[in-house]
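Trainee: Residues per chain, in single letters:
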Amino acid sequence: MNFWFSIFRQTGRNLRQTWTTQFMTCLTVSLSVLIFSFFYLIYLNMLNAGDKVSDDLRLVVYLEEEPGPEMQEQLRLKISQFDEVQEIKFISKTEAYNRFAEQLGDNRDVLTDMPTNFLPASIEVIPLKTLRSLSQIKLFAEYLATIPGSQKVQYGQQWVERFYYFIQLLSIVVLLSGALLILTATFMVASTIRLTIFGRQEELELLKLVGATNNYIRTPFLLEGILQGFIGSLLGLTSLYILFQWTARHFSGAGFLDLFTFTFFPPGIIITIVLLSIVLCTAGSYTSMQKFLRI
Amino acid sequence: MTEATTSSRTAMIEMIKVCKKFPPNVMALDDISVSIANGEMFFLIGRSGAGKTTLLKLLCNMERPTNGLIEVAGMNINQVTGNKLAKLRQKVGVAYQDFRLLTDRTVAENIAISMEVSYKKPQIIRNRVKSLLSQLQLEDKHDILTGDLSRGEQQRVALARAVANSPTLILVDEPTGNLDATSTRQVMELLIRCNNSGATIVIATHDEALYQHSTHRIMKLHNGKLESLTRGDGRGWPSVAGARDSAGATDGSGDEI
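As given, the protein sequences belong to chains A and B, one line each in that order. Residue numbering for the first sequence follows the working numbering, starting at 2 and increasing by one per position. Residue numbering for the second sequence follows the working numbering, starting at 883 and increasing by one per position.
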């Protein structure tokens, strides 16, 4: 009989003996994973949705005078000093007039008697579509207002701020549910392993006396932690997937859900969540062993 | 077996000036020095509280001596740790006075434990368990929980577990305390067989019949001190004489040594 065969036998025997406690721990871990991944999934989808909606987001700086080429270069440098941006575009007075006329369409006749330079020149700044950039948009707008020659800065203030606060709130919920996952996974597993160790004290003592090595005694407990993390996270993620499919089936084509394409986690994130649960549960098991297993 | 032959063999156990004191001030063993040769059968006698069980516990590293040196198979057992200690313990079979059986496991599982820790193949374990149960007339108890057995049966299971892994040293504490004459004979036959296949055996007992007529050395303890070290009279124990003869045991003189 080799080492791993003995270890798996020991683990299986222990799982059979304490299956109710193990089952409850697994359920708690899976519930924590479900709560965490539920909020994380919403968070990721909202970020994607925000990304799409904010494609049109731009800051418009109205200028007192139309800048010359040299001035344009200076302004470009000044803007880039604050933050990296996706694009900076200068709109001359004539260009602004043409755009306006185009927007008026059939009603462009109203501009017949107007000079072509009655609209102010402007700079269109398209920020990077990152959360950091979005969160700084207000500060950026304030900075642009201080640029020499700027009259007024405009952007979709209300929408951006609301969206940013929502994302911020969601990230706090994700962090809290992450903390819940860490606490439940480590503490529940630690407490289960502690109970198991106490329940098997007599057997562990005997194993030690008949010559079991430390690894022979400890590895099954670590394996239990790994199994709880693995099964718990798989259960949690499977439940979330079923919930996701159900929601997609029942709410598709209606209301706001139709605005965005909701997607499930990519394989990379699923693997990360499973590994994270395994690591947390193993850590719980390990701490309990260090504390209560005297060999 | 003479003193000369005992000392010519390498020692399995060396105890030099061993003392064991329990708090607050109970001297369980005081200045014990003895050498037990490889392959020897050795009896440890004395009244209750004389220190027999303490001495066995020191030998299997369940307790540490307050003073003195204990060597088992050439190793100072109080300095051996980790995997080396585990390997040493795999070679030392112990049948405890309180049996230390897992009462929620079957007889077979209890006996198998000592072989599982040294990664014996399942087939070998199954065969060995069956063979031991048959030698101790416990074949029908294979799948019975040890908690459901009588004291005498539990005692025999504990002994079977001690010898299952073919250890080189077997420590037995009161092996026949709960047994009738037939079971006592079976137990002694098993121990003699192990001894004849090379195992060193140390038996702590009250039962005079076990050692009185044997050829083996007998150490008597009294209040933790070594009172005498003698040999049995060598007439042999009638019930086990057959087993011993068939196993080729040597004669003894029964002299004081």
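If you are wondering where the hints come from, they were derived from the structure by calculation, not from laboratory data. Careful: at least some of the hints might be erroneous.
Some chain A residues flagged as far from chain B (calculated, every beta-carbon gap over 12 Å) [as the list claims (entries may be wrong)]: (1) Ile127; (2) Val175; (3) Ala180.
Interface residues of chain B toward chain A, partial, derived using beta-carbon atoms under 10 Å [unchecked claim]: (4) Pro905; (5) Pro906; (6) Asn907; (7) Val908; (8) Met909; (9) Asp913; (10) Met944; (11) Leu951; (12) Asn965; (13) Lys969; (14) Gln972; (15) Lys973; (16) Glu998; (17) Asn1047.
All residues carry an ideal CB built from backbone N, CA and C; glycine is no exception.
Trainee: Against this structure, judge whether each hint is valid.
Mentor: A quick look at each hint next to the structure:
1. The Cβ of A/Ile127 sits about 65 Å from the closest Cβ of chain B, beyond the 12 Å cut-off, so the non-interface label holds.
2. Here A/Val175 stays apart from chain B, with its beta-carbon at least about 44 Å from theirs, past the 12 Å limit.
3. Every beta carbon of chain B lies more than 12 Å from that of A/Ala180, the smallest distance being close to 38 Å; the non-interface claim holds.
4. Below 10 Å, beta-carbon pairs count as interface contacts, and B/Pro905 has none with chain A, the closest being about 20 Å; its hint is therefore violated.
5. With its C-beta approaching chain A no nearer than about 24 Å, B/Pro906 sits outside the 10 Å limit, and its interface hint is violated.
6. Checking B/Asn907 against chain A: minimum C-beta separation of about 27 Å lies over 10 Å; hint violated.
7. A hinted interface residue such as B/Val908 counts as satisfied when its beta carbon comes closer than 10 Å to some beta carbon of chain A; here the least separation is about 23 Å, so the hint is violated.
8. Restraint check, B/Met909 versus chain A: the minimum CB separation of about 25 Å is more than 10 Å; hint violated.
9. The interface hint given for B/Asp913 is broken, as the beta carbon of that residue sits about 27 Å from the closest beta carbon of chain A, more than 10 Å.
10. Checking B/Met944 against chain A: minimum C-beta separation of about 7 Å stays under 10 Å; hint holds.
11. Taken as an interface hint, B/Leu951 does not check out: its beta carbon lies about 22 Å from the nearest beta carbon of chain A, beyond 10 Å.
12. With a least beta-carbon distance of about 5 Å to chain A, the hint placing B/Asn965 at the interface is held under the 10 Å criterion.
13. Hint on B/Lys969 holds. Least Cβ distance to chain A is approximately 7 Å, under the 10 Å limit.
14. Contact between B/Gln972 and chain A, as hinted, is supported at the beta carbon level, the nearest pair being about 3 Å apart and thus within 10 Å.
15. Against a cut-off of 10 Å between C-beta atoms, the interface hint on B/Lys973 holds, since the closest Cβ of chain A lies about 8 Å away.
16. Annotation: interface hint on B/Glu998 holds; nearest CB of chain A at approximately 6 Å, less than 10 Å.
17. For B/Asn1047, the suggested interface contact is upheld, since its CB lies about 8 Å from the closest CB of chain A, less than 10 Å.
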